[in-house]
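Taken in sequence, the protein lines are chains A and B.
Each step along the first sequence adds one to the number in the working numbering, with nothing skipped, and position 45 is 45.
Each step along the second sequence adds one to the number in the working numbering, with nothing skipped, and position 373 is 373.
Watch out, some of these pointers could steer you wrong.
To be verified - Within a straight-line C-alpha distance of at most 25 angstroms, the following computed SDA-like cross-link-like pairs (lysine to any residue) qualify: (1) A/Lys52 with B/Pro247; (2) B/Lys7 with A/Ala182; (3) A/Lys154 with A/Ala182; (4) B/Lys232 with A/Thr145; (5) A/Lys154 with B/Lys318; (6) B/Lys232 with B/Asp333; (7) B/Lys232 with A/Leu142; (8) B/Lys349 with B/Gly373.
Claimed, not checked - Just so you have them, the derived chain B footprint on chain A, three or more residues with Cβ under 8 angstroms: (9) 127-137; (10) 191-200; (11) 206-215.
By construction, these hints were calculated from the structure, which means they are not laboratory data.
Source: prediction; values computed, not measured.
Glycine included, C-beta positions come from ideal geometry on N, C-alpha and C.
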Amino acid sequence: MGILEVKGVGKRFGGLQALGDVNLSVGENSVHAIIGPNGAGKSTLLNCLIGKLIPDTGSVMFDGQSVLGRKPHEICQMGISRVFQTPEVFGDLTVFENMLIPCFAKRDGAFRLHAFETIAQEKDVVEKAQVMLEDVNMQDKLHMTAASLSRGDKRRLEMAMCLVQDPKLLLLDEPTAGMARADTNNTIDLLKEIKDKRDITIAIIEHDMHVVFSLAERITVLAQGTPLVEDTPDNIKGHPKVREAYLGESHG
Amino acid sequence: MLGLNKKDTKFLLIVVALTMFTPIILQPFAEGTGLAQFNAGYPDLMQRFAIFGIFAIGFNILFGLTGYLSFGHAAFLGVGSYSAVWMFKLLSMNVIPGILLAVATSGVFALLIGYVSLRRSGIYFSILTLAFAQMSFNLAYSVLTPITNGETGLQLALDDPRILDGVNNSGSLPVTNIFGLAMNSSTQIEVLGRVWTFNVGYYFCAIIAILAFYLSLRIFRSPFGMMLRAVKSNQQRMNYTGLNSRPYTLAAFVISGMYAGLAGGLLASMDPLAGAERMQWTASGEVVLMTILGGAGTLMGPVLGAGFIKYFENIFSKINDTVLHGWFSFMPDGLEDLLVVLVHPFVGKGWHLTLGILFMLVVVFLPGGLIEGGQRIAALFKRKRSDDDNLDPEHHPKQTPHVAE
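Extracted from the complex, chain B is given alone in its bound form:
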């Protein structure tokens, strides 16, 4: 189906199902109960899962397949956001033109940066992309203020032309929509004594994320994807096989830049403002963390990594001292205070400390990321089963899949 073999089709269907039911799966605890704070915030956080999932999927096409580590991908995210907001200001609040322009401009931008940066490989490539991204950030922050509105960030205004939308007399800012359906509108359905909310913005992001995932699946399985893995494996052999690695890496760079632009456009579609901080190096670093944490070069890994980081960022930063005191209140006073003091640096604003430790643990013990963790657990169960069948593992060598999943 859809040009995929059976296994991949099944895989894609699982991903579709997971994405569609995310609002239900990730809100297991009823509102008002003590555990509700562990629910993933809806719709904001789940939109972020989908959007940063797209960002990471795109980044993985470059980093996971070719091994070129870009430290400046946030620049494309920022360019995408600015483009989309300009479209909302000038043309229409419909998100489609905004997103299309976001993908196009970030593609052009990626072509320029990639053309220069890809003259070098390894650490020099990373430094070049980092330098370009910081340049973009500083341009957006100060020099290009007429276009980017500097440190305030680009926002909608009542007197924007919005040629296609007609005159706005309501006195309030219009909302982003898709052919009239507002992004922030929701449908609520009551089932099993609980209210389930289905948000238009989330489902819009989710559908685009599925398309983006499908596209990356096709790229992974294509001859082009194989060539990209060949770049990572042995560039010398590739050149002496009559292949020019430069256009391959440039194509991968542009494709992943366009993914980042798409993510940026979606961010702006959910919340129509764009700030320079979206292009800062910390944002570029975050997508690297997501991809490595989840499992670089695997299909699902980056999405998992993005979800993992965004979820825990949200949960951990919500926990403050009051919440901690609440948790440890059953203990004697002195011990309670001590525990709160000990845990305090890891939560709230200190969440990055927890992320850093987690990242170190994953890199040291699970170099293949969370995906490898999952595979190891699966292998553990499989081994138990195969022991019963008395299979000799020597005579059943593990075959490496064409692409790790």
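With the rest of the complex left out, here is chain A:
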């Protein structure tokens, strides 16, 4: 059984059946890609996994527990971290503070009224944040505000903020959308490095086939709200159904 089990998930928006009957199993420590043409329901599926949407039917189990009806912060505390399409960091805060926040969240949980300690007193958290920032080579940017970073640096920071919490599952929502080829390759390298270094499951939603085929071990193709096929990258490449979904039926 996989770490993430999606069974019979359906979601309807008014007259639109965004997700039909989605079954998906993401194996532990694998890289699983979900691809599909525009409007296939990739984002809806992702939003069902992270607590932003509640599906009408079906179940989503993570690590043996249901995630349905839980709030985003609870799901994150269970061990699912999410990287956004456009990097989401705390723009007004310094890079160092950006890194401290997930460390505090990991140690203290969703809320703690620690109003009388100073940050410097929390040596374990400070040290953890510093080590992580050195890992991603940002130690010289500690006191810059996150908003002043380049897009690539923001992405690296966001990724590091997720990883410092030691998530079991990292969800990536089109991590290379709108990136130049060089940046895309950097992101691929970064993800490969992450995969090599730690025991982590990565689920990735992506448009860019280059990214998908260089990273994924399993691929699920989604079309019109239902999974078409699930297979290894090599088998997906030549699969007639996939070409049909992407190129339209007349060319199939």
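On the provided structure of chain A, position chain B as indicated by the hints.
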């Protein structure tokens, strides 16, 4: 010292010194001279500096850090005042129980209002708090007359029980005190040919204001304060980092409500009466103005803003046509009258017009408030100095402080 780093300790000591010497600094002109009207009134006005400083410091913990703009903070000020006056009526004229009750009730009140209002953010949050404050005002004004004494306002009476104080046979109303030391008593010291007055009420307020400031400094520097800034910066990222933003904002709301209650309790301690108008939306708007004018999100800004508004309110509203005629009397008659007519709308009762213009100018040209103005002037001097050292600014990027001061 006190859990602060060197820079903050220095900062706190400066604030302590300024507060302690305010009665001297703000009365630079000797009594009886023509400029005496620019002295800050003592002790009333200076008490107000301290009290509204506390109010604004508390408001800034909510608005400056989390970005949630409450338009109903005066409700907590009013609740604090009523609580304190009831304590003076029932228990004792000693201000300590009154102030403690004021902080406690406003805290409970803030918890209730905050719990409901914080379900929404942005403009909807502001409207909800405004609605709650207006509800409180109207309740205090009419429905709850047995508790609030309606439009007359809650006052002391000779036949109040005052259980701890014993029977009052003097035939006059007792005064608020702290363990026997009356709030309105003063010590006068003659130095340098002038009489300096040191008022118990002011110093009581000042010491509490310093404590309140110290507490807010600790909150600003704490992990909790950082989380509050994270709420303002990116709530989505915060939730997906495993943090629940709701209890953080609620805690900030309650803390700032308690600050407002403390300010309300102090107002009642200086002058033991409480009226419903203290809860009106104009009063809520005033603390917003103070905070933005001084610099929202900075430590000193709200205090400066509070002092600035209270000082100029006092000075400008004292100026009437007679004073204006006195100023312009050196000019020919026609010109003198014209100038008086031109200036008239901006002074006296028209002081709010001046405040409005000032506020617009600050928001447009100094979005960071008076603090930013000060920083710009400081930067101007620094640049001149660094030019001499031939420093390349490119290679000395300005590091952003953890929290702006």
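Checked against the structure, which of the hints given earlier come out wrong?
-> When the structure is compared with the hints, numbers 2, 5, 6, 8, 9, 10 and 11 turn out to be violated.
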